[in-house]
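In order, the protein sequence lines correspond to chains A and B.
In terms of the working numbering, the first sequence opens at residue 1 and continues consecutively.
In terms of the working numbering, the second sequence opens at residue 321 and continues consecutively.
One thing to keep in mind: the hints can contain errors.
What the hints assert, rightly or not - Reference listing, derived: stretches of chain B covered by chain A, where coverage requires no fewer than 3 residues with Cβ under 8 Å from a Cβ of chain A:
#1 372-380
#2 488-498
#3 506-515
#4 544-554
#5 559-570
#6 573-580
The set of hints was computed from the structure by calculation and includes no laboratory data.
Glycine included, C-beta positions come from ideal geometry on N, C-alpha and C.
Protein chains: 2
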Amino acid sequence: MQQVTIGIDIGGTNTVFGIIDQTGNILGRGRIPTTGHLQIETYLEALAMAINTCLEGVNKDIELMGIGIGAPNGNYYEGAIKFAPNLVWKGIIPLKQLVEKHFPNTTIVVDNDANAAAIGEMIYGAAKGMKDFILITLGTGVGSGIVVDGKLVHGHDGFAGELGHTVVTPEGRLCTCGRKGCLEAYAAARGVVQTARELVAQAGFAGLLGDIEKITPKDIFEAAQQGDVIALQTFRETGKALGRKLSDAICYTSPQAIFILGGIASAGTYLFEPTQYYIDKFTLNLFNGKVQLLPSGLDAGNAAILGAGALVWQELNINA
Amino acid sequence: MQQVTIGIDIGGTNTVFGIIDQTGNILGRGRIPTTGHLQIETYLEALAMAINTCLEGVNKDIELMGIGIGAPNGNYYEGAIKFAPNLVWKGIIPLKQLVEKHFPNTTIVVDNDANAAAIGEMIYGAAKGMKDFILITLGTGVGSGIVVDGKLVHGHDGFAGELGHTVVTPEGRLCTCGRKGCLEAYAAARGVVQTARELVAQAGFAGLLGDIEKITPKDIFEAAQQGDVIALQTFRETGKALGRKLSDAICYTSPQAIFILGGIASAGTYLFEPTQYYIDKFTLNLFNGKVQLLPSGLDAGNAAILGAGALVWQELNINA
């Protein structure tokens, strides 16, 4: 009998899930659209049906240990999604309670997607054996999961780890949160694009970036690969903002490593090199040279479900 | 038989200690100069002698549960003082090991002074019953102790919680650490004095502050009590720098409360009001109104030894 968990990642557009064993093998997987269900109940019915179909398809003797769910604004303490701006279901969604109806007597853990990713990294990825580290997700937003002494930091209300909304530059760029100068306004997709546009405006030419009104981080990455000066400078500026705030982050929890994953992180060395440079430049002497900046050790396509599934092992205190 | 701990606070000038019971009563206390002993060994001999004299003087049946030591640059994991700039003993001092010679078979815990203060606050002070909070010390420097889920955050190397060296203003004031714009350069004694001097220079008059070359934070506090505009503005500016960084701090560990203690904190409402104002102004909506800004609940004269003594209860997992 093989012990498995189900990892569910609820994204704004699609929901993906997998049946995962203790070594991180995915024994089955599926997906359903997140959108299209105005009621959370009908969405969860569709999801439960897809999961049960997938479970039946597994060709092994398995024991389901629990279900882990990574969701935007997922709250660990309450097992709920709270006021997620990018989901159609508004207010407080008592997710754990609703999922229990479909999977009674099962351990169900809800957390936010970045926290799930951090635990995935610890159990299946490059943070194996580490007790103190930070994981940063760079994509549409900037998320983070902070692990201290082998445990996720949830804080008083379950919303700890909002590094995307710590401030790089007082009175800097307007952030989607309404405040100014947040890291997210510089290091998430929209921020990287804005940096490129500002640099193009300063330079007076767009180089390989072409139509700057339509560019995406992927376009900037591809231009950087061809040596485009503005594209390269865009990642240097992004790395500078990140480096500044990661130097601050090191002062808080003194991590052994900081992992970066997500769409923007796929810029690889174009982003990691300047970020490392600015971490070295800005970090307090006491910590200098002690903290590794690393890419995630998880396959990008599986990181979200591995992380969600790993929440169960952490909850049950099982060393997967 | 009453269980007690000994709390030792090693300061740059004096070392104070107390024999403390589980409710925070100080059954005996003493002090010796920290300076004047070029060798750590002779200093510890003098300290052990003073402690033993004090123990003999206690008029009760007591059981010594351990010794807690708060020291500048004290490292919990190594039980050592590491490269403390303000102590005469240089390099790495294996304090725990050296103290054990005088008190064999005794639990000995070494930590930095701000961490000790945080645990003191949790066991004897205003953080009783709280599991997630931050304590900030404002004095010669800015120290901090971060408590997550009822435990001190030590981080990978034992030096977590250096909030004084997170950056308020990139390229701002030069800090004693050699970097620019650190919170310590604005909110520690020297920073508060510098703010007053800058405001006097801008205004072109010194008001009640008198000789600004010689002013201390205490002078500024007394001038504020008399309604001096520049003194009041000095604390507002200090509160602004603090408020900015405490808003960042909230994003990391989402504490229930932030405590401020130390010399500068005795400015009371002149400091707390603007700090609260700027926390409210700068904090991410998600956390707004959730975090209490509070003065320490410990008597200032006893906080250091209570904190050091409390390290033992935390170490032994005893709920004092």
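Verification of the supplied hints:
1. 372-380: The restraint on the stretch 372-380 of chain B is violated, since only 0 of its residues have a Cβ under 8 Å from chain A and three are required.
2. 488-498: As far as the stretch 488-498 of chain B goes, the hint holds, because 5 residues have Cβ atoms under 8 Å from chain A.
3. 506-515: Not satisfied, violated; 0 residues make the cut.
4. 544-554: That given contact is violated, which follows from only 0 residues of the stretch 544-554 of chain B lying within Cβ reach (below 8 Å) of chain A.
5. 559-570: Contact hint for the stretch 559-570 of chain B vs chain A: holds, 4 residues under 8 Å.
6. 573-580: holds (count 4)
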